[in-house]
Amino acid sequence: MSGGSNNRRAKIPHADAEIDLVPMIDCVFLILLFFMLCGHISTEARTEQITVPPTKTAAKFIDGGWKRQIINVFGNTQSGNPPRNSIKIGTKSFDAMGINDYTAYQGLRAVLDKVYDSAEKYKDPKGTPLMLPKVIIEIRADADTEYRVVQEIQQVVSDSIDPSDKMQPKKVDLATMRPFVNIDFTTRNPNDK
Amino acid sequence: MAEAADEKIAEGKLDLVPMIDCIMLLLLFFILTTKFTSEEKSISSLLPTDKGQAPSTPQKKVEPPQTVNICIYPADMFKGSQPSGFQKQLEGMRQPGAVIPRAFLRVGNRDPIEINGKLLGSPDKSQVKVEMEKVHTYIREELEKFEVPGDRKTQNEIVVNCFSGMSWKYGLVAYDAVRSYEGQKSGLKYTGNPAELDNARAVTFAPPRIRDYDSREIGNELFEIINMK
Numbered sequence: 000m001s002g003g004s005n006n007r008r009a010k011i012p013h014a015d016a017e018i019d020l021v022p023m024i025d026c027v028f029l030i031l032l033f034f035m036l037c038g039h040i041s042t043e044a045r046t047e048q049i050t051v052p053p054t055k056t057a058a059k060f061i062d063g064g065w066k067r068q069i070i071n072v073f074g075n076t077q078s079g080n081p082p083r084n085s086i087k088i089g090t091k092s093f094d095a096m097g098i099n100d101y102t103a104y105q106g107l108r109a110v111l112d113k114v115y116d117s118a119e120k121y122k123d124p125k126g127t128p129l130m131l132p133k134v135i136i137e138i139r140a141d142a143d144t145e146y147r148v149v150q151e152i153q154q155v156v157s158d159s160i161d162p163s164d165k166m167q168p169k170k171v172d173l174a175t176m177r178p179f180v181n182i183d184f185t186t187r188n189p190n191d192k
Numbered sequence: 000m001a002e003a004a005d006e007k008i009a010e011g012k013l014d015l016v017p018m019i020d021c022i023m024l025l026l027l028f029f030i031l032t033t034k035f036t037s038e039e040k041s042i043s044s045l046l047p048t049d050k051g052q053a054p055s056t057p058q059k060k061v062e063p064p065q066t067v068n069i070c071i072y073p074a075d076m077f078k079g080s081q082p083s084g085f086q087k088q089l090e091g092m093r094q095p096g097a098v099i100p101r102a103f104l105r106v107g108n109r110d111p112i113e114i115n116g117k118l119l120g121s122p123d124k125s126q127v128k129v130e131m132e133k134v135h136t137y138i139r140e141e142l143e144k145f146e147v148p149g150d151r152k153t154q155n156e157i158v159v160n161c162f163s164g165m166s167w168k169y170g171l172v173a174y175d176a177v178r179s180y181e182g183q184k185s186g187l188k189y190t191g192n193p194a195e196l197d198n199a200r201a202v203t204f205a206p207p208r209i210r211d212y213d214s215r216e217i218g219n220e221l222f223e224i225i226n227m228k
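Respectively, the protein sequence lines represent chains P and B.
Residue 35 in numbering that gives the first Met the number 0 is what sits at position 36 of the first sequence, and the numbering runs on without skipping anything.
Residue 59 in numbering that gives the first Met the number 0 is what sits at position 60 of the second sequence, and the numbering runs on without skipping anything.
Bound-form chain B, shown alone (with noise of 0.2 Å):
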């Protein structure tokens, strides 16, 4: 066999068949294990042991003052209409099993800024990040403005209240951007530890506000989330 191949080099002629088996193999291999998504990362967080489990119950609860609220709820949606009027606003607004293209997210009593959920989820990084850099400046500045004297520990609780059918990733960004505004204020550097969350001030994901999620429960729950302080 060697012989053959021998003359074969000598004739002028390459046996292609076992560099062709080997590429096809290799192919197959980076084929398979090639991956084009950007790698992932995680956010940690600690469910609280210490305080009450339960969560919020179908009767409603008043903030205490002491908490700044974070609002993520549809755009185009506005103080002053009755829950009704929001119920239909939103039927509008999203076809069944749809998305809500467009969010509203304010801080406190300020006034809310829009985000565009289709830039935020682009394939274009470019456009995500501008997204949400816009979300991290107006975050930073309008906490700067809920500053207390004293350390971390001492601010204000902030509480993200994302209304229920919004998609997670305005509630994300939103505590995203929290994170960022606490890390440069503490020198925070996120390494994944969760062990470390426990000198930051407390940040939460406000638990779901209704149970029963008949069309005239999603009325009152965008009523509240929109007249939150």
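One chain only, chain P, in its complex shape (with noise of 0.2 Å):
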């Protein structure tokens, strides 16, 4: 039997030699789904290094079809990375250093810009002829953020300070304005779970 098969090999080389593919399969599928992970966590809008304040009256996330937006506010974190306070947009981040630095929310203001402009709008139901963008603006601050970022932010992403004039209150401009007023505050609730 061995030398039969000696033989045919002799003949014609790698006849019956079958390429095994369960350990390529099993390696193709390692590999697919470590980057469909990886890719996932990178952009990943909810870092898990901010935790979110405690209340009981808050409600599950609803968009109803318009945009979220996430802006993400670090407290303390373990190696002091990022500082304290810095703020996240997306995938641009921003540090301030010391509480009269306003340069983090001219970069946040400047993404804000940005976003107004590529989202949908409707007339403000108030009457004011302010065009509002269907964007909801999260802000997931940490629980150990100082008041006066959340705040700031707040000034921020209703437009009416201006971060490049020390953060000094705008000339109302109806036209050039790009206001947000759907704000989300992030939270958790301690009875669930």
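Estimated spans, in silico, between C-beta atoms of each pair: (1) P/G89 with B/K12: 48 to 58 Å; (2) P/D164 with B/L26: 48 to 58 Å; (3) B/G79 with P/N99: 23 to 33 Å; (4) B/G84 with P/R45: 37 to 47 Å.
Taking lysine-lysine pairs in the DSSO-like style, the calculated list, with each CA pair at most 27 Å apart, reads: (5) B/K152 with P/K125; (6) B/K188 with P/K66; (7) P/K125 with P/K59; (8) P/K59 with B/K128.
Bear in mind the hints are in silico, worked out from the structure with no lab data behind them.
Treat the numbers as computed from the prediction; the structure is a model and nothing was measured.
Even for Gly, the Cβ is constructed at its ideal location relative to N, Cα and C.
Take the two lone chains and join them into the complex the hints point to.
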């Protein structure tokens, strides 16, 4: 039996050599899974470094077809990286050095301007001539972020102050204002789970 | 290959390799997808477009008497000190870059209660609940005293005045307590749709009081909040 086999191999090399596909498929699936999950994690907008504060009256997120834009605000992070009170929106991250440094808010406003411009708009139901974007701004601030940072972000979001002018009130100009009005504060309910 | 496997089974040896492959794959999948933090939810609010958008300017603003102020400031600060005194007290209380550990919360001119920030941010949910319940009970009892005749829309506006250096969680828990009180009074369910807030009384977070955060200004801000009615 072994002799015959050797004879055949000598004549036609590799004729009965079958490639075993099983380990290859195993590997490919493993790599596929790895990259799927890695990609998912790196674009994850809700970073685990933030612990949101507890409340009782919070509701589940509803979007109703609206766009949701998350602003992450970091509190104390174990390694100090990113620094306390830094802001992350989309893939952009802004660090404020000291409480009189408003550059982070300038960066935030620049991103928000782009979000406003690309968003679908509707007329203000309260009767002002403003066009409001169909975007929910979610402020996902750590429980230990300083209150002033969350407040300044609200001012920046409503476009009522000018971060490049020491956060002074803006002249109200309805034609150029880019306000967002729908705000969600991210929280958790300690009664859940 | 199949025969080989059959032979092995016949001999009493089981091929463990594919099983281990599968288990490793499942293990990796669950490790990467499991989240141990509790589910996040949202508190929705609407920023106003129909009243002045301008935030407060450095000059002192006199609060109209028909506003119910909820004041939040560092614990153990009492009326009677000068701004510089509050400033000194704050410096002694907090290391640079650290958080203020305990807060006083006061409705109008009532006596304040103390909130322990460590308990409110504790990983132990029962401690968090106790601390939250304390704030909810206090705010419910005090707001009851500020009720005026009429429906929810005629009630006095509530403004949350939080010291700028406090942790955000104190402001939010006070806001949450007011929402919970309003929910009980009006039957509001808070489904997350911001439109329902149009029928509730206005609750706002006060905008930052100061623009130039030098040390003297922080003392002034504390003075203003602590002496607010």
